[in-house]
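Note that the protein sequences, when read in sequence, are chains A and B. Under our numbering, the first sequence is numbered contiguously, ending at residue 448. Under our numbering, the second sequence is numbered contiguously, ending at residue 380.
For the record, the hints were derived by calculation from the structure and aren't laboratory data. Note that the coordinates shown come from a computational prediction; the quantities given were computed from them, not determined experimentally. Fair warning: there could be bad hints in the mix.
What the hints assert, rightly or not - Quick list of the computed label-pair ranges, beta carbon to beta carbon:
id : chain 1 : residue 1 : chain 2 : residue 2 : range
1  : B       : 253       : A       : 312       : 28 to 34 Å
2  : B       : 154       : A       : 340       : 18 to 24 Å
3  : B       : 255       : A       : 312       : 28 to 34 Å
4  : B       : 317       : A       : 256       : 28 to 34 Å
As the list claims (entries may be wrong) - Computed footprint of chain A on chain B; a stretch qualifies when at least three of its residues, placed anywhere within it, have a C-beta under 8 Å from a C-beta of chain A:
id : region
5  : 185-198
6  : 218-224
In this text, a Cβ means the ideal position worked out from N, Cα and C, and glycines have one as well.
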Amino acid sequence: MNWLLEPFQYSFMRQALLASLLVGTTCSLLGVYVVLRRMAFLGDAVAHTTLPGLVIAYLNHWNLFVGAIVAAVITALGIGWLSRGQRLREDTAIGVSFSGMFALGIVMISRVQSYRDFSHMLFGNVLGVTTADLVGIGIVSFLVCAVLLLVNKELMLTTVDPLHGESIGLSAERMRYLLLILLALTVVTGIQAVGVVLTTALIVTPAATASLITRRLDRMLLLAVVFSACSSVAGLYASYYLSISSGGAIVLACTVLFGVAYLATRIHWRQLPAQYDAT
Amino acid sequence: MNQSPEFPHSHEEPWLPYSGRGHRDPRAGQPAVQVEHLSVRYRKAGSDALHAVSLEVAIGQRVALVGPNGAGKSTLLKALAGLVKPQSGHMALFGNPVGACHHRTAYLPQRTDLDWQSPLTVSDLVMTGRYVHLGWLSWPGQADRVRVRRVLERMGIADLAERQISDLSGGQQQRTLLARALVQEASLFLLDEPLNAVDEATRDVVDELLTQHTQCGGSVLVATHDLGRLMESFDSAVYLCEGQVESILPFGRDPLASLAPRPASSGASK
């Protein structure tokens with residue numbers, strides 16, 4: 170039993186656990202909506218586009234968190250604006266702004282000529298989370314979860330039937346912007362834990378796993394949180410005992426859970442071909 | 111089963127309505143729908159989707175919109191539901207601008223406009239019809255659940271209440287959408303192809319329902335391809351072609367003088 174408790178004698182491990190649970194909960198709750206609205210690629214894009222914001226904040230000794238949030242919100246709104254009214258398809262708008270912003274970040278890093286400092290931005294380092302980071306993550310997580318809870322019914326309505334929303338005066342466009350802003354905020358918390366490159370996995374994978382198992386929204390939300398919490402804990406243990414990257418370990422744990430769920434549902438389907446009733 | 115619809119009903123305004131324009135009362139003596147010289151043009155389109163369309167649906171009337179695909183039937187309904195902004199012309203619902211009384215109008219989109227893969231049950235989806243009365247930061251209560259249950263019974267789909275919407279057949283999807291329109295307790299129905307690809311039993315249910323609706327003073331504007339029942343089911347038909355009104359066919363009665371209650375069994379009196 171001792172090996173279970175041993176890692177958490179260290180305060181940095183306790184902080185890392187708290188941070189990854191907070192981040193995981195927020196990412197996976199939002200992730201359910203992202204997956205249902207087929208916006209998975211957008212999450213990835215927003216994560217990558219925070220890089221220039223992070224670099225600018227780092228070079229000027231500003232708060233990295235704030236730099237990332239500003240960059241993410243600007244990109245999210247920019248993508249929404251470019252693709253409004255189907256002037257440009259959304260995936261095209263994402264492709265253009267995402268690679269452009271990421272390239273800007275790379276160029277800025279190369280000017281500084283020190284990739285080393287930025288590796289934790291790209292791949293995250295949840296073991297290095299400070300108390301100040303933790304407070305920031307906590308505030309953003311609370312904000313995102315609270316808003317999701319309060320506008321849950323409107324988000325769901327504009328997902329399933331945007332025209333009905335419009336016909337009762339609920340703008341689907343505005344709901345999309347709201348979701349984009351929440352996504353930007355969530356991505357920034359994820360960057361602290363697993364970095365720019367892997368954040369999208371925290372958003373998409375637990376939600377995707379949950380969507381394999383159930384087709385009820387409430388259960389999907391609950392399961393996504395449970396999966397992400399299990400992955401966080403498993404990833405942290407793996408990171409501690411095997412000395413591997415914590416971000417990579419957490420994301421791999423998410424992926425393993427997804428793989429197991431996928432295989433399990435495949436087998437389940439094969440056994441019950443006609444009466445499949447996932448509730 | 112067979113309760114009469116609950117309107118005209120006392121309406122409570124939501125605490126935080128979705129649209130800031132508020133819930134205005136109908137203006138006396140005004141028709142349910144009045145459209146004058148309405149023109150709609152979509153971006154990138156070469157010609158008008160609707161061109162100088164004028165029509166009227168009096169209170170208590172059932173009007174069919176007919177015409178070939180692409181004639182502008184859906185566009186007209188969308189304009190009236192506030193989903194499409196017209197370039198020119200005038201629209202009024204109960205004498206008020208579009209959007210001034212969302213709760214008084216129920217728009218039924220085409221089946222294909224919904225994402226049926228969403229993780230909702232039939233009663234969840236029908237419950238979204240109550241949202242116009244709830245607004246932001248209010249959640250459905252017991253009274254709303256009772257209304258949903260009664261409407262599902264009326265549509266004959268009470269047994270599907272807990273079914274996932276992804277598991278519905280075409281006819282069941284259409285009944286679900288109609289149930290949602292009913293639970294809005296609106297007085298004007300704007301229905302886009304409610305009879306598309308549905309079975310005969312559903313057609314009868316819809317027919318019965320629209321008859322009851324107009325008997326209680328409701329009004330209906332329906333885009334339809336089902337020409338077989340046109341004369342028995344509607345007071346008049348508006349024939350649209352290439353975005354213009356080709357002709358308006360009243361079936362037996364003067365469409366402008368139909369404030370009198372409708373006879374119980376509506377035979378075509380032509």
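Hints versus structure:
The hint said 28 to 34 Å for the Cβ distance between residue 253 (chain B) and residue 312 (chain A), and at roughly 32 Å that hint holds. As the Cβ distance of residue 154 (chain B) to residue 340 (chain A) is approximately 22 Å, the hint placing it in 18 to 24 Å holds. As the Cβ distance of residue 255 (chain B) to residue 312 (chain A) is approximately 31 Å, the hint placing it in 28 to 34 Å holds. Distance hint check: the CB atoms of residue 317 (chain B) and residue 256 (chain A) are about 42 Å apart, inconsistent with the given range 28 to 34 Å.
Only residues whose C-beta sits within less than 8 Å of a C-beta in chain A count toward coverage, and the region 185-198 of chain B has 4 of them, enough to reach three; the restraint holds. Three residues within the 8 Å Cβ limit are the bar, and the region 218-224 of chain B against chain A gives 3, so the coverage statement holds.
Of the numbered hints listed earlier, the single one contradicted by the structure is hint 4.
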